[in-house]
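Engineer: Using the sequences and the accompanying hints, generate a full structural model.
Protein chains in written order, with this note's numbering: chain D, 1 to 71; chain L, 1 to 71; chain V, 1 to 71; chain Y, 1 to 71; chain W, 1 to 71; chain P, 1 to 71.
Think of the hints as simulated: they come from the structure by calculation, not from any bench. Honestly, I wouldn't trust all of these hints.
Remember, identical chains collapse to one label, so a pair may be satisfied in a single copy or spanning two.
As the list claims (entries may be wrong) - Below, simulated SDA-like cross-link-like pairs (lysine to any residue); rule was C-alpha separation at most 20 Å, straight line:
1) Lys38 x Ile19
2) Lys68 x Pro56
3) Lys68 x Thr31
4) Lys68 x Ala36
5) Lys38 x Gly8
6) Lys38 x Glu4
7) Lys38 x Gly22
8) Lys68 x Gly32
9) Lys68 x Trp41
6 protein chains.
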Amino acid sequence: MTTELETGLPSVRQIQNLIRDGNEVELKLVTGDLLAGKISWQDNHCISLTDQYDQPTIVWRQAIVYLKPRL
Amino acid sequence: MTTELETGLPSVRQIQNLIRDGNEVELKLVTGDLLAGKISWQDNHCISLTDQYDQPTIVWRQAIVYLKPRL
Amino acid sequence: MTTELETGLPSVRQIQNLIRDGNEVELKLVTGDLLAGKISWQDNHCISLTDQYDQPTIVWRQAIVYLKPRL
Amino acid sequence: MTTELETGLPSVRQIQNLIRDGNEVELKLVTGDLLAGKISWQDNHCISLTDQYDQPTIVWRQAIVYLKPRL
Amino acid sequence: MTTELETGLPSVRQIQNLIRDGNEVELKLVTGDLLAGKISWQDNHCISLTDQYDQPTIVWRQAIVYLKPRL
Amino acid sequence: MTTELETGLPSVRQIQNLIRDGNEVELKLVTGDLLAGKISWQDNHCISLTDQYDQPTIVWRQAIVYLKPRL
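Structural biologist: Here it is as structure tokens:
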């Protein structure tokens with residue numbers, strides 16, 4: 001029993017685009033931490049970030065404050 | 001499968017007005033951060049803010065404390 | 001598709017009374033901020049506060065800790 | 001359209017008892033604030049506390065960390 | 001109208017075992033507080049802790065970060 | 001009445017893999033705490049971590065910010 005990602009939502013689609021294009025992003029978290037990396041996948045609970053050393057960090061959506069594409 | 005924005009709600013409509021009119025707003029976030037910019041879109045999870053350098057920031061609704069139109 | 005305010009709830013009704021009577025309130029927020037003003041409207045997501053300079057602040061319910069009528 | 005309080009739950013019933021018996025309680029909140037008073041009512045969103053000067057404070061449940069009956 | 005505890009979940013069952021066996025636990029809360037005591041009951045909203053002086057503290061689940069059985 | 005884990009979700013499956021393989025992980029929590037250990041089980045509410053002294057810590061999902069496999 002799996003709830004589908006709501007791919008009609010702009011926020012979900014923009015994250016899909018960032019995954020597809022391999023853009024760097026910054027994620028600000030509720031603890032004040034700022035993570036940088038590329039998004040490798042998203043589901044209803046989490047977004048996974050891969051840093052410059054190719055290490056994954058699974059971030060819970062509930063803990064995300066904002067996301068900024070890096071320039 | 002997409003949940004529609006509840007456009008009958010005053011808070012959703014006021015944000016739609018702010019988008020349409022291109023008003024500057026301030027967003028206070030749970031981390032204490034204060035972001036300023038124009039709202040470019042909203043969905044059920046997020047509100048996207050564009051700053052004076054035309055850079056987008058996707059803010060999660062769960063992290064918003066208050067929104068103030070700038071004067 | 002709009003979810004109605006649960007006007008049978010004491011908390012919703014007391015806020016309706018504060019709106020009708022134009023009482024000053026204090027709102028304590030999760031960031032520790034304390035806002036003062038009159039409530040102009042409420043919906044399922046937000047409460048809007050108008051300060052003494054007639055400036056509105058849209059406060060997200062999720063960020064409210066307590067509300068105190070001012071005396 | 002009103003959602004009933006789940007009066008079968010121990011937490012809801014214990015709060016009903018504290019209201020009926022007029023016991024003093026302490027409420028610890030997510031901001032670290034500690035409020036003291038008697039509970040005057042509860043609903044699905046809020047608990048209302050009356051302090052020693054008979055002033056009400058409407059506390060949002062989402063912001064409550066713990067409740068301690070005072071001795 | 002009462003929602004049953006999901007007693008099939010490992011987390012719910014482990015807490016039931018801690019209640020039955022009268023084990024001491026530590027609860028870390030979102031405020032950073034660390035409470036110690038024995039769990040006397042749980043429901044869908046709260047967990048009640050009894051300290052060494054037999055005083056109860058009703059802790060909201062939303063405010064719990066982790067639980068550690070004491071050794 | 002038990003809600004099944006959504007085993008179709010990448011985040012749930014990756015945690016299942018970490019359990020199966022006995023990998024060390026780091027969990028960053030909303031309090032800023034960083035816990036390290038092996039995941040022994042997960043359910044819809046919690047993830048249980050076992051540290052190097054074989055002591056369990058039941059972590060509530062709502063309090064998790066991110067998870068990093070240790071290298």
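Engineer: Can you give me the call for lysine 68 and alanine 36, within, between, both or neither, at a CA distance of at most 20 Å?
Structural biologist: Result: close both inside a copy and across copies, 9 Å intra and 14 Å inter.
Engineer: Give the relationship of lysine 38 and glycine 22 under a CA distance limit of 20 Å: within one copy only, between copies only, both, or neither.
Structural biologist: For lysine 38 and glycine 22, the Cα distance is within 20 Å only inside one copy (6 Å; across copies 26 Å).
Engineer: Treating 20 Å as the Cα threshold, decide for lysine 38 and glycine 8: within, between, both or neither.
Structural biologist: Neither, since 22 Å and 23 Å both go past 20 Å.
Engineer: Between the shortest in-copy and the shortest cross-copy C-alpha distance, which are at most 20 Å for lysine 68 and tryptophan 41: within, between, both, or neither?
Structural biologist: both (16 Å within a copy, 15 Å between copies)
Engineer: Please work out whether the CA atoms of lysine 68 and threonine 31 approach to 20 Å or closer within one copy, between two copies, in both situations, or in neither?
Structural biologist: both (17 Å within a copy, 16 Å between copies)
Engineer: Are the CA atoms of lysine 38 and glutamate 4 at most 20 Å apart within a copy, between copies, both, or neither?
Structural biologist: Answer is neither; intra-copy 22 Å and inter-copy 29 Å both fail.
Engineer: Between the shortest in-copy and the shortest cross-copy C-alpha distance, which are at most 20 Å for lysine 68 and proline 56: within, between, both, or neither?
Structural biologist: both (18 Å within a copy, 7 Å between copies)
Engineer: Taking 20 Å as the upper bound on the Cα-Cα distance, should lysine 38 and isoleucine 19 be classified as within, between, both, or neither?
Structural biologist: This pair counts as within: shortest intra-copy Cα distance 7 Å, inter-copy 25 Å.
Engineer: Using 20 Å as the alpha-carbon threshold, which applies to lysine 68 and glycine 32: within, between, both, or neither?
Structural biologist: both (14 Å within a copy, 17 Å between copies)
The structure does not agree with the numbered hints 5 and 6 stated previously, though it agrees with the rest.
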